[in-house]
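K.L.:
As a plain string of letters, each chain reads:
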Amino acid sequence: MIARDRNWLLIFAVCVVLAILYPFIADGYQLTVIRDALIFGLFAASLDFFWGRTGILCFGHAAFFGIGGYIMALVTLNDAIPFGSLLGIMGAVTGAAFVAAIIGYFLFFGGIRGSYFTIVTLAMGVICQQAAVSWSSVTGGDSGLIGIPPIEFDVGGTHVDLSQDLPSYIFVAAIVAVVVLGLWSISRGRWGTVLTAIQDNEVRAAALGHNAPLRLLVTFVLSAAIAGLAGALYVCMAGLVAPDLSGLLLSTEVIVWVAVGGRGTLLGPVLGAIFIQRAQQTISSFNPSLWPLLLGCVFVVIVFVLPDGILSIYARLKALLNGRRSTP
Amino acid sequence: MSDVLLQAENVGIRFGGLQALEALNLTVRDKELCCIIGPNGAGKSTFLNVLTGTLRPTSGSVRFLGHDIAGLPLHRIARLGIARKFQIPSVFPSLSVEDNLKVARWGVPSPVRPVGELLELVALTDRAATLAGELAHGQKQWLEIGMALAIEPRLLLLDEPTAGMTPQETLATAEMLLRLKGEFSIVAVEHDIRFVRALNCETLVLHQGRRLRSGPFHDIETDEMVRDVYLGRR
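The listed protein sequences derive, respectively, from chains W and Z.
Residues in the first sequence are numbered consecutively from -14, following this note's numbering.
Residues in the second sequence are numbered consecutively from 3, following this note's numbering.
Please note that a few of the clues may not be correct.
To be verified - Incomplete in silico selection of chain W near chain Z, CB under 8 Å:
#1 S172
#2 G174
#3 R175
#4 G177
#5 T178
#6 V179
#7 N186
#8 R189
#9 A192
#10 G194
#11 H195
#12 G249
By construction, these hints were calculated from the structure, which means they are not laboratory data.
Given the structure is predicted, the values throughout are model-derived calculations rather than measurements.
We put the CB at the ideal spot given by N, CA and C, even for glycine.
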């Protein structure tokens, strides 16, 4: 096992321990705050899985978050559908994946890459938000849908009800941990190595027999499916869904979370999402208009000073100290 | 003939008003080594692009094992058994040497040669963990040949494999190819006469998109017309 993998697992284990200990020191409200931040962290990890490994930026990732959220809301709000929570989650995941598959097929096999891909996905996000506003008979228009019930399901005879703070926190934290670990093991193995090769030189990878567009498409679809899952979880915890959830602002925020946390690390974006949302809540309580200004400044500073994100602070400090030691 | 691997018949290609290639024929038999030479701008790389299916000829056809390969997606061509080494060394700079070879092996369903053997073939065993982007130019060229070998090709097409190499590296590359000669067919496009002399094989000379001469290298080398073209007298 190489050192980088060992470090990653170590940080992951520390995060898991912290997540387990947190309920012992936090009250119910604080738990729900972290729970919601973790859901956005899952969303950030989904973007990082695609952006971090392929180098292609999707600027409309909130579209998949929103699609997942709306599908979950529509399924659980319909009393005629049994097992609403489970079917809703499945519907949210497949719905987001389906939309990503259609859009991705034309983009990847049509040779759209780089900033062109970013621009097209930006438009996709705007279209999704507009559709959510305009199609009011289904989506509730500007005000969205309210009264979405909490997740509940039966597993092996036990009834799981996530209407309480602690169970919902544990459920979300467990899903985030499992998904992040899963994405990490995919992206460090053969799949991720070939994606890195495609990012380096797509023509070369194809000339070696790799179907690059297909591989990019599958990665994009998987990334969108997880964004859909995050959207579904979020609307159940928040109890409402609104067009903002598929909007440009959220698409931009998730990019900032990934960039701040460290692109390509999967764990960094989760931490970035939690950290920035905590900061947002604290700073907005002094002055709501201060936050966008500060967020912009933090983003610029991170991009210039720590291009690999906050997780790289440790490595940078070590390099700095070693450098000092060797040049007395 | 049953042992014909690649057959280009009457290949012509036109870019707008420019007739880049005209009426070219090439037959590559199984396990045969041949070279395509010619001065700059003679159409060597264009011809190689047609042979690998990346460029569709405006006239004529290219058949590999009887299949027309023009316009097939790149990865399908690779899986038919055609490996290619690009003119500019195109390795994956952010992967290690070993991972570069692994990515190449994963491209084919059932690779035969283990990574260790590939590393040895291209003399990079002690650099296995180095990032490919940090290799010296000649080593990148070799790594790329190693990657081409990893996909178990029936036919290996090399576009100026020795570009930018020192004379020693050039000769070492020629020796490497001569060692591999019995395993599959090799077509090398080259500029460097020393390299072609070291290979001493069937040679096709291109000039301004047309066949100037073809035959064994020692006949080509003594040909007055070829010398004139290379020295720029024509």
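K.L.:
Hint validation: W:N186 versus chain Z, beta carbon distance must be below 8 Å. Holds or violated?
P.N.:
Holds, because the Cβ-Cβ distance from W:N186 to chain Z comes to roughly 5 Å (cut-off 8 Å).
K.L.:
Grab the minimum C-beta distance from W:A192 to chain Z and call the hint holds if it beats 8 Å, violated otherwise.
P.N.:
5 Å, holds
K.L.:
Checking hints one by one. Is W:G249 an interface residue toward chain Z, by the C-beta closer than 8 Å rule?
P.N.:
11 Å, violated
K.L.:
Is the interface hint satisfied for W:R189? The criterion is a beta-carbon contact with chain Z at less than 8 Å.
P.N.:
With Cβ-Cβ at 5 Å, under 8 Å, it holds.
K.L.:
Let's test the interface hint: is any C-beta of chain Z closer than 8 Å to that of W:S172?
P.N.:
At about 14 Å, which exceeds the 8 Å cut-off, the nearest Cβ of chain Z leaves the hint on W:S172 violated.
K.L.:
So, as I understand it, the hint says W:T178 touches chain Z; can you test that by seeing if any CB pair is closer than 8 Å?
P.N.:
Holds - the Cβ of W:T178 comes within 8 Å of chain Z, reaching about 5 Å at its closest.
K.L.:
Under the criterion of a CB-CB separation shorter than 8 Å, is W:G177 in contact with chain Z as hinted?
P.N.:
10 Å, violated
K.L.:
Does the closest beta carbon of chain Z sit nearer than 8 Å to the beta carbon of W:G174?
P.N.:
For W:G174, the interface hint is violated, since the closest Cβ of chain Z sits about 11 Å away, which is over 8 Å.
K.L.:
Is the interface hint for W:G194 satisfied, with its Cβ closer than 8 Å to some Cβ of chain Z?
P.N.:
At about 3 Å, which falls below the 8 Å cut-off, the nearest Cβ of chain Z leaves the hint on W:G194 intact, so it holds.
K.L.:
Does the CB of W:V179 sit less than 8 Å away from some CB of chain Z?
P.N.:
Since the shortest Cβ distance to chain Z is 6 Å, the answer is holds.
K.L.:
How about W:R175: closest beta carbon in chain Z under 8 Å, or not?
P.N.:
Since chain Z brings a Cβ to about 6 Å from W:R175, closer than 8 Å, the hint holds.
K.L.:
Would you check whether W:H195 satisfies its interface hint, that is, whether its CB is within less than 8 Å of any CB in chain Z?
P.N.:
5 Å, holds
Checked against the numbered hints above, the structure breaks hints 1, 2, 4, 12 and satisfies the rest.
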